[in-house]
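Position chain B relative to chain A; hints supplied.
As a plain string of letters, each chain reads:
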Amino acid sequence: MSGVVSPRGSAVPAPAVAPAARVPRFLAAAALAAAAGFAVPLVVSSQLALTLMTQAVIYAILAISIGFLIRQNGLTSFGHAAFFGMAAYLLALNGKFGAISAELVVLAAVALPAVLAFLVGLVIVRLPALSFSMLTLAGAQSLHELMLRWRELANGDDGMPVRLPSTLFGVDIDVFQSPSSMFVVCWVALVGVVALLTLLAGSHFGVLTVAIRENEERARYVGYRTVVPRALVFALSGAIGGLAGVLFALYNGFVTPGALHWSLSGEGLIMAVIGGTHTIWGPALGAVIFFIVKNAAGDLTEHWPAIIGTTLIVVTVLVPQGISGLVARFTARAAAGKP
Amino acid sequence: MAGIPAVGKGRGHGTMVQIVNGLVYGSFLYVLAVGLVLIFGLRRVTNFAHGSFFMLGAYVSYAAAAHLGFWTGMVVSVAVLALLGVLLDRFVFRPLAGEEPIVSLLVTFGLLFVLEDAVRTIWGKDFISVAAPEALAGSVTMFGSQFPVYRLFVIAVAVVVALALALWLRSTRVGLYVRASSVDPVTTGMQGVDTDRLSALVVAIGTGLAGLSGTIAGPLMALSPSMGAYIIIDCFIVVVTGGLTSFAGAFVAALVIGQFHNLGLVYVPEIASVIPLLIMGAVLGLRPQGLAGQGR
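Heads up: the protein sequence lines correspond to chains A and B, in order. Using this note's numbering, you'd call the opening residue of the first sequence number 574 and step up by one each time. Using this note's numbering, you'd call the opening residue of the second sequence number 7 and step up by one each time.
One or more hints might be untrue.
Some chain A residues close to chain B (C-beta under 10 Å, calculated; not the full set) [what the hints assert, rightly or not]:
{"hint": "1", "residue": "V795"}
{"hint": "2", "residue": "T799"}
{"hint": "3", "residue": "V888"}
Non-contacting residues of chain A with respect to chain B, defined by C-beta distances greater than 10 Å in every case (computed) [unchecked claim]:
{"hint": "4", "residue": "V616"}
{"hint": "5", "residue": "S618"}
{"hint": "6", "residue": "A675"}
{"hint": "7", "residue": "G712"}
{"hint": "8", "residue": "R722"}
{"hint": "9", "residue": "N728"}
{"hint": "10", "residue": "R736"}
{"hint": "11", "residue": "T740"}
{"hint": "12", "residue": "G775"}
{"hint": "13", "residue": "A784"}
{"hint": "14", "residue": "A792"}
{"hint": "15", "residue": "W835"}
{"hint": "16", "residue": "I865"}
{"hint": "17", "residue": "G882"}
{"hint": "18", "residue": "L899"}
None of these hints come from the bench; they were simulated from the model. Keep in mind it's a predicted model, so treat the numbers as computed, not measured. Ideal Cβ placement from N, Cα and C applies to all residues, glycine included.
If we strip away everything but chain A, and leave its shape as in the complex, we get (with noise of 0.2 Å):
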């Protein structure tokens, strides 16, 4: 079997550097798709079902900014919630304190979780992966400690409002509050995300990527620092959580140490394992499913915790791949024609 061994034990296909022609091709595609978001709240009436699909694509740009980093660096993040929440509290902060324009601090709450991933990233991506993943865990919960007791600062577990100008970049404020707009941002922002890192993944950088995490020694030897790709695989994950943490700022206008706790950065990675890192867009999927099912669980989601964590346990264990795998291997066979 042609490919790669992936992290997680299952062939991967070695990322074919995409051909120049294919790129136009590509991105009229991803423009065709962005598109069609707009046709989504001229069908979908109900106010309630636009709401959840507006959460459930913000969910999915924080999951795929995990599901990047496992199929990138081979880590595991079990604290992406610290990005998320330092985002939206940057939002929030400067809400109350008005230190900056609301369109630098948008630009801000992107740049700073990239900045601070890849400062942190310089020294933890050498560790071994499990340090690593019990590290996000550890700080991204110190972060949320931090925030639940400077009451000055945020207000503790009570949260603090999003106090937002009446427009931002030229565009009215309720477009991004109500769901029916926001969910057509929040969706280009979303395939934004998906085409970007589509492309990155077939470039020089993310074969780079890729072939580091497989075997950083033989990386090394061939010439190549391993470091620093890794570190800027991280921070960019890091400021696409960021860019998720904004969105959700916007759009509930509130926010609580909640968007900084271990929960939300377990329920980011449970949608990428069920989604499958095997592919960029997996998380997504993995977002989605979780959205359906968490309000198809009604009165159970009082024990909604236990389902999460029960889900995650057999979700890993019989179908390690994730959806997105299942369907890759699926396709790949009719491909080959065989049965």
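Okay, now just chain B, sitting in the frame of chain A:
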């Protein structure tokens, strides 16, 4: 919130008393963290639910103590958690031993969700405070202020655990195997050591220590379902800073991190939770393998 493990909240206490308080917290952290070091040494995985086991241990001893008293409660808690450890080894670590470590991590992380939900359902999410046992309820005068005897007892527990572990690891055959395996599990296996048979015992000791630390945490901090997620911050940081497989490293890291975290809680309580991170960053920046970890 999961109670601050400290201790002297007022700044009125002298610095010396605060340093002893830091020693109390560090000792407690060691008892909790060393359980993970044991498990990692043999299985090369970690138990992400260790904090939940600790929390469960606290609740089990609280429930048992209501009928049987503190000391029997402690025994019950250690026994229940050790039994859980045997089950964890038998049904998670052993079947998944051939998989990548991340599979075990994800499964134990799933347990974390389940256990927190279970404890919330059984005991509710309100804080529960636990009194120190009568024999240790008093206080002594130290550096000119009153100091609870119970906190000195916590230090004593850590000393006993450290000595017992050292004795066990250095002077018994099983201890030799455990030490060998924590240095190089493959070679140890090739020498004929059956790590599967050892690991039920070792994992049981590791989770039993979570039960023990949960019990001694009762009178130190308030019980709540979120206490496990709170304590896991320092616990994981101690294990990684100490070098993952090193008992001595974990001991030093626990005392240093416990000390500074406690001082932080007294003097800069708002930002105290990031102090362990900063210490760890400094250590790992200089020594990526941790205080006492092996090189690559």
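Handout entry: When the least beta-carbon distance from V795 of chain A to chain B is tested against 10 Å, hint result
Key = 18 Å, violated
Problem - 10 Å Cβ clearance of I865 of chain A from chain B - result: Given that every Cβ of chain B is farther than 10 Å from that of I865 of chain A, nearest at about 19 Å, it holds.
Problem - chain B versus N728 of chain A - minimum CB to CB distance exceeding 10 Å, so not interface - result: 13 Å, holds
Practice task
Against chain B, does L899 of chain A hold up as non-interface, every C-beta pair farther apart than 10 Å?
Solution key: 17 Å, holds
Exercise for the section: Would you assess whether G775 of chain A, listed as outside the interface, keeps its beta-carbon beyond 10 Å of every beta-carbon in chain B? Expected result: Label holds. Min Cβ-Cβ 25 Å, cutoff 10 Å.
Handout entry: No chain B beta carbon within 10 Å of A675 of chain A's
Key = 26 Å, holds
Exercise for the section: Hey, is G882 of chain A genuinely clear of chain B, shortest beta carbon separation above 10 Å? Expected result: 3 Å, violated
Handout entry: Assertion that V616 of chain A lies outside the chain B interface [Cβ separation over 10 Å]
Key = 35 Å, holds
Handout entry: Given hint T799 of chain A near chain B, where the shortest CB pair must fall under 10 Å
Key = 12 Å, violated
Problem - Status of the hint placing V888 of chain A at chain B (closest C-beta pair under 10 Å) - result: Check passed: Cβ of V888 of chain A comes within 9 Å of chain B, closer than 10 Å.
Practice task
Check the non-interface label on A792 of chain A: least C-beta distance to chain B beyond 10 Å or not.
Solution key: 14 Å, holds
Exercise for the section: Evaluate the condition: distance from the CB of S618 of chain A to the nearest CB of chain B exceeds 10 Å. Expected result: Given a closest Cβ separation of 35 Å, the condition holds.
Violation of the numbered hints given earlier is confined to hints 1, 2, 7, 8, 15, 17; the remaining hints are satisfied by the structure.
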